[in-house]
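Trainee: In case you want the letters, here they are:
Protein chains: 2
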Amino acid sequence: MSSTTGSDFQELLKIIRAACDLQAAAALLEWDQETYMPEAGTEARARQVATLQSTSHELFVRDRTGELLERLKDEYEDSMSFRASIVRVAARDFARARKLSPELVGEIARTTARAKESWRHAYGENNFDRFAGDLEKIIGLCIQKAEAIGYAEHPYDALLDEYEPGITAAQVKDIFDDLRTSLVPIVHAIECASQPRNAFLYYSYDSDIQWDFGMEVLRDIGFDFQRGRQDISSHPFSTSFSTNDVRLTTRIHERNLISGLFSSLHEAGHGMYEQGIDPELEGTSLAQGTSLGMHESQSRLWENQVGRSRSFWTSYYHDLQRRFKQHLGSVSLDEFYRAINRVHASPVRVEADEVTYNLHIMLRFELEMLLIEEKVAVRELPELWCDRMESYLGIRPEGDTDGVLQDIHWALGAIGYFPTYTLGNLMSAQVFACAKSELGNLDEQIATREFAPLREWLQANVHHWGRKLSASEIIEWMTKGGISATPWLDYVRQKYSDIYGSLILGS
Amino acid sequence: MSSTTGSDFQELLKIIRAACDLQAAAALLEWDQETYMPEAGTEARARQVATLQSTSHELFVRDRTGELLERLKDEYEDSMSFRASIVRVAARDFARARKLSPELVGEIARTTARAKESWRHAYGENNFDRFAGDLEKIIGLCIQKAEAIGYAEHPYDALLDEYEPGITAAQVKDIFDDLRTSLVPIVHAIECASQPRNAFLYYSYDSDIQWDFGMEVLRDIGFDFQRGRQDISSHPFSTSFSTNDVRLTTRIHERNLISGLFSSLHEAGHGMYEQGIDPELEGTSLAQGTSLGMHESQSRLWENQVGRSRSFWTSYYHDLQRRFKQHLGSVSLDEFYRAINRVHASPVRVEADEVTYNLHIMLRFELEMLLIEEKVAVRELPELWCDRMESYLGIRPEGDTDGVLQDIHWALGAIGYFPTYTLGNLMSAQVFACAKSELGNLDEQIATREFAPLREWLQANVHHWGRKLSASEIIEWMTKGGISATPWLDYVRQKYSDIYGSLILGS
Numbered sequence: 001m002s003s004t005t006g007s008d009f010q011e012l013l014k015i016i017r018a019a020c021d022l023q024a025a026a027a028l029l030e031w032d033q034e035t036y037m038p039e040a041g042t043e044a045r046a047r048q049v050a051t052l053q054s055t056s057h058e059l060f061v062r063d064r065t066g067e068l069l070e071r072l073k074d075e076y077e078d079s080m081s082f083r084a085s086i087v088r089v090a091a092r093d094f095a096r097a098r099k100l101s102p103e104l105v106g107e108i109a110r111t112t113a114r115a116k117e118s119w120r121h122a123y124g125e126n127n128f129d130r131f132a133g134d135l136e137k138i139i140g141l142c143i144q145k146a147e148a149i150g151y152a153e154h155p156y157d158a159l160l161d162e163y164e165p166g167i168t169a170a171q172v173k174d175i176f177d178d179l180r181t182s183l184v185p186i187v188h189a190i191e192c193a194s195q196p197r198n199a200f201l202y203y204s205y206d207s208d209i210q211w212d213f214g215m216e217v218l219r220d221i222g223f224d225f226q227r228g229r230q231d232i233s234s235h236p237f238s239t240s241f242s243t244n245d246v247r248l249t250t251r252i253h254e255r256n257l258i259s260g261l262f263s264s265l266h267e268a269g270h271g272m273y274e275q276g277i278d279p280e281l282e283g284t285s286l287a288q289g290t291s292l293g294m295h296e297s298q299s300r301l302w303e304n305q306v307g308r309s310r311s312f313w314t315s316y317y318h319d320l321q322r323r324f325k326q327h328l329g330s331v332s333l334d335e336f337y338r339a340i341n342r343v344h345a346s347p348v349r350v351e352a353d354e355v356t357y358n359l360h361i362m363l364r365f366e367l368e369m370l371l372i373e374e375k376v377a378v379r380e381l382p383e384l385w386c387d388r389m390e391s392y393l394g395i396r397p398e399g400d401t402d403g404v405l406q407d408i409h410w411a412l413g414a415i416g417y418f419p420t421y422t423l424g425n426l427m428s429a430q431v432f433a434c435a436k437s438e439l440g441n442l443d444e445q446i447a448t449r450e451f452a453p454l455r456e457w458l459q460a461n462v463h464h465w466g467r468k469l470s471a472s473e474i475i476e477w478m479t480k481g482g483i484s485a486t487p488w489l490d491y492v493r494q495k496y497s498d499i500y501g502s503l504i505l506g507s
Numbered sequence: 001m002s003s004t005t006g007s008d009f010q011e012l013l014k015i016i017r018a019a020c021d022l023q024a025a026a027a028l029l030e031w032d033q034e035t036y037m038p039e040a041g042t043e044a045r046a047r048q049v050a051t052l053q054s055t056s057h058e059l060f061v062r063d064r065t066g067e068l069l070e071r072l073k074d075e076y077e078d079s080m081s082f083r084a085s086i087v088r089v090a091a092r093d094f095a096r097a098r099k100l101s102p103e104l105v106g107e108i109a110r111t112t113a114r115a116k117e118s119w120r121h122a123y124g125e126n127n128f129d130r131f132a133g134d135l136e137k138i139i140g141l142c143i144q145k146a147e148a149i150g151y152a153e154h155p156y157d158a159l160l161d162e163y164e165p166g167i168t169a170a171q172v173k174d175i176f177d178d179l180r181t182s183l184v185p186i187v188h189a190i191e192c193a194s195q196p197r198n199a200f201l202y203y204s205y206d207s208d209i210q211w212d213f214g215m216e217v218l219r220d221i222g223f224d225f226q227r228g229r230q231d232i233s234s235h236p237f238s239t240s241f242s243t244n245d246v247r248l249t250t251r252i253h254e255r256n257l258i259s260g261l262f263s264s265l266h267e268a269g270h271g272m273y274e275q276g277i278d279p280e281l282e283g284t285s286l287a288q289g290t291s292l293g294m295h296e297s298q299s300r301l302w303e304n305q306v307g308r309s310r311s312f313w314t315s316y317y318h319d320l321q322r323r324f325k326q327h328l329g330s331v332s333l334d335e336f337y338r339a340i341n342r343v344h345a346s347p348v349r350v351e352a353d354e355v356t357y358n359l360h361i362m363l364r365f366e367l368e369m370l371l372i373e374e375k376v377a378v379r380e381l382p383e384l385w386c387d388r389m390e391s392y393l394g395i396r397p398e399g400d401t402d403g404v405l406q407d408i409h410w411a412l413g414a415i416g417y418f419p420t421y422t423l424g425n426l427m428s429a430q431v432f433a434c435a436k437s438e439l440g441n442l443d444e445q446i447a448t449r450e451f452a453p454l455r456e457w458l459q460a461n462v463h464h465w466g467r468k469l470s471a472s473e474i475i476e477w478m479t480k481g482g483i484s485a486t487p488w489l490d491y492v493r494q495k496y497s498d499i500y501g502s503l504i505l506g507s
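Note that the protein sequences, when read in sequence, are chains A and B. Under this note's numbering, the first residue of the first sequence is numbered 1, with each subsequent residue one higher. Under this note's numbering, the first residue of the second sequence is numbered 1, with each subsequent residue one higher.
Looking at chain A on its own, in the form it has when it is part of the complex (with noise of 0.2 Å):
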């Protein structure tokens, strides 16, 4: 490397630093609101984390990043090497910021903060047409930008690729279709089948005690309480501020056993996936997650594969017991397993069961398309919704809050963002058997609360990347093959076999 290339390179990078740093404030504030700061904050605050969000965006997009992106484009192209890789990704990231005008971001920004308060309205009335109008807006500007962005195949991919790198529409399709078809058979199985009983769970449960139990968990999986906390928040969610400090929130029902705990394992798979990464990319665009669905393969795998597992609670039930004597004294150990694996269609995606949740997504992913090549109209979208509900889960939501309107996704102007989800589930899956065949008796692993030989598996073979690898290059690395629906699926099938009866092994 020149020494004109080597200062060409600490100024870019002084740039990125800068503009993390931003952001990482940013988060900060946005965490802050969620946990400690008085209401009366929230318009200052949201003042605050937009001009955080714009200075960084205005630091990294400046003519200056392009030059030197341009001189330094040659040295550094096909090496893992740290400065390759912070240039590699910084060219992607600056491509797709200069491509779209400040006009079109600040329009979108207006449309959504809009579209945000009608959304609001809407889901409280149960009323689609108090949104629609802006919905209509969104779509149209998704449009927009995706034809700003670029795309090969389809303006679809364009929309994705914020959210999960290197993938496209038609791979997502594909691996859809082949979930689909085997999955829909599988819920109808398991809806004939009887239902272990589950009632126990929405006793009342001290909470104290289930802040208590819940961060013994955490600490035992190896959530690295020194580089990190847990607060409760409304609704749980995971950020970081640096790889040392990452942040978990969680909340805790007194009348439901679970809930609390499996948000906890679900955030502390995100917050493990953070504090994973190479501490040599602290402070850069590559200390983060280097997709969401890498990041939800992470915390579902924590939360299921790991939390849901009858290896799990051989180890965990016992002492769950002992705090809950009282409900817990006469729920056997297969009992409470069965329970907190129940399988029941409903209408709501933030209240499905592993096995049915994937079918909400598919949804989702099916009616966006649509949306996108503007093959339906917005109005259309309640009926569609209701229709595909029952076809694939066989219930239909009573109005539109638990129908079209149950998400906000589609407000914050997030199209392309929920394949994600299931993206996150089937990754899991392939990254839990790969870590199995790996490390033998992890089942064993497990049930003995030796939990150090999976993470620092999946911190060598995921964490540690950052975005270094995308998503398609970890799971290609790991399984010489890409992101495939088979693992959920033989993992769904050997699970709830076990549990529903051998009806549903099937195919």
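Among the hints, erroneous ones may be present.
Identical chains blur together in the list; that is why a pair holds if it fits in one copy or across any two.
[As the list claims (entries may be wrong)] Result set (SDA-like, lysine to any residue): computed pairs, CA atoms no more than 20 Å apart in a straight line:
| # | residue 1 | residue 2 |
| --- | --- | --- |
| 1 | K14 | V105 |
| 2 | K14 | A109 |
| 3 | K137 | V378 |
| 4 | K14 | E58 |
| 5 | K14 | R110 |
| 6 | K116 | D129 |
| 7 | K14 | L59 |
| 8 | K116 | A50 |
| 9 | K99 | I139 |
| 10 | K14 | S54 |
| 11 | K375 | L141 |
| 12 | K480 | S470 |
| 13 | K99 | D161 |
Worth flagging that the hints you see were computed from the coordinates, not collected in a lab.
On the provided structure of chain A, position chain B as indicated by the hints.
Mentor: This is chain B only, laid out in the frame that chain A set:
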């Protein structure tokens, strides 16, 4: 106003708002560091705060800001309107900021970063020599800074101006000379009087009960918890991210009944100042306390004039006694009142009572003047410190840690800061005396927990102005005179004659 200057003003305001948003974000990052941040986050946090501060500075000191201010200057003189005040204060901030070269600012930042470390070591090892070299550099840089900024009479004026705009070293010297002449004999007279017993303050007092009592008092005096909160940190402080989001911190010692409560009252005084600023100024550089001295006047007013008054405890002592029956059951109100106002010379400023406190400050001011005038060498400081301490307070520190090394301020480059503590004490008495004469039965109001009249009077006469008026202008407007030691001396003579007997009434 022409439409050209109208749009110039809007552009200026946008710059100021963005710079203030970044400052507010930096303040939240610092608050989080002291309250909830895991320690491992320290390194990234320091970097993020530095990025926010330098980005805010760069946004503001651009040539463009200067052009706008130049074009706006004629239209905005001599008016208290929002626009005139924004331009007037921005012009002052801009002129000051532009006089400091980036090189000098960088050199000061590097030197103080190193000095903080050497001060910590020196403090821990009770060895001034370890810190002396860095302090010499800091004094040199402060002299350079003063020359760069410029001054009419004395280089110290330029340093003081950063913390207490509009007041000169000569004025401070005159005020402090008056104060010293009267105060030293008072301190000596008290030393000859018999001391109240106060051992009961240091029994074991449950932290939760202390916290609850403190929160009740803060609610009563009118700190607005809809627009603020209180948390725990190792060093109490207050900060704000908008006038609607003001944060206090306190610390509770189980073996000290009063330190938590009085630090809460002190910080709430600061906090109510910020909460009381005119909402029109929100998000601009006017939405701050006008000087450190005026800020301190508000904290001291609530801590001392209100919180350490007989009227206050006439109302609250019964409550406190009820909460801590075991230790306070046999302690009378009078004994308690005398105990919390016990005057006892200590070598350490932060442990000083309200009577001896100002002598600690004067000593520092005198030494700072001698250093800036280069009449004394850094190496001579420890001896000189001890000699003056002995002459003012009759005690000699045992070592550097209890003497010249006790405060971190100099290591931070903050020369010109200490006088604001005493100016704050003196102004608190001026402001309180004025409130008393206008509100009439203030003692009775305090004794019946009727704090709204005082708080509203302070808001109308001090808080709501933000930086529209300087501290001297507020005092001038309120008293028809300048900052003076007389009201504070009157207050001290009256209060402590009551506690220690009339022997101290002299002069």
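Trainee: For every hint, state whether the structure bears it out.
Mentor: Hints versus structure:
In the homo-oligomer, the alpha carbons of K14 and V105 lie at most 20 Å apart only across protomers (19 Å), although the nearest pairing inside one protomer, at 25 Å, exceeds that limit. For a Cα distance limit of 20 Å, the shortest separation of K14 from A109 across copies, 18 Å, qualifies, whereas the shortest one inside one copy, 28 Å, does not. Only within a single protomer do K137 and V378 lie at most 20 Å apart by alpha-carbon distance; the minimum there is 10 Å, versus 69 Å between protomers. Both within a single protomer and between protomers do K14 and E58 lie at most 20 Å apart by alpha-carbon distance, with minima of 14 Å and 15 Å respectively.
Proximity of K14 to R110 under the C-alpha cut-off of 20 Å is restricted to the inter-copy arrangement: shortest distance 18 Å between copies versus 31 Å within a copy. Proximity of K116 and D129 under a CA criterion of 20 Å is satisfied intra-copy only: 14 Å inside one chain copy versus 61 Å between copies. Proximity of K14 to L59 under the C-alpha cut-off of 20 Å is found in both arrangements, the shortest distances being 10 Å within a copy and 17 Å between copies. In this assembly of identical chains, K116 and A50 lie within 20 Å of each other by CA distance solely inside one copy; the values are 16 Å within and 34 Å between copies.
Proximity of K99 to I139 under the C-alpha cut-off of 20 Å is restricted to the intra-copy arrangement: shortest distance 18 Å within a copy versus 51 Å between copies. Taking the closest pair of Cα atoms, K14 and S54 come within 20 Å of each other both inside a single copy (18 Å) and across two copies (13 Å). For the homomeric pair K375 and L141, the shortest alpha-carbon distance inside one copy (16 Å) is at most 20 Å, but the shortest distance between copies (70 Å) is not. In the homo-oligomer, the alpha carbons of K480 and S470 lie at most 20 Å apart inside one protomer (14 Å), although the nearest pairing across protomers, at 71 Å, exceeds that limit.
Taking the closest pair of Cα atoms, K99 and D161 come within 20 Å of each other only inside a single copy of the chain (14 Å); across copies the shortest separation is 47 Å, beyond that limit.
Checked against the numbered hints listed earlier, the structure breaks none of them; every hint is satisfied.
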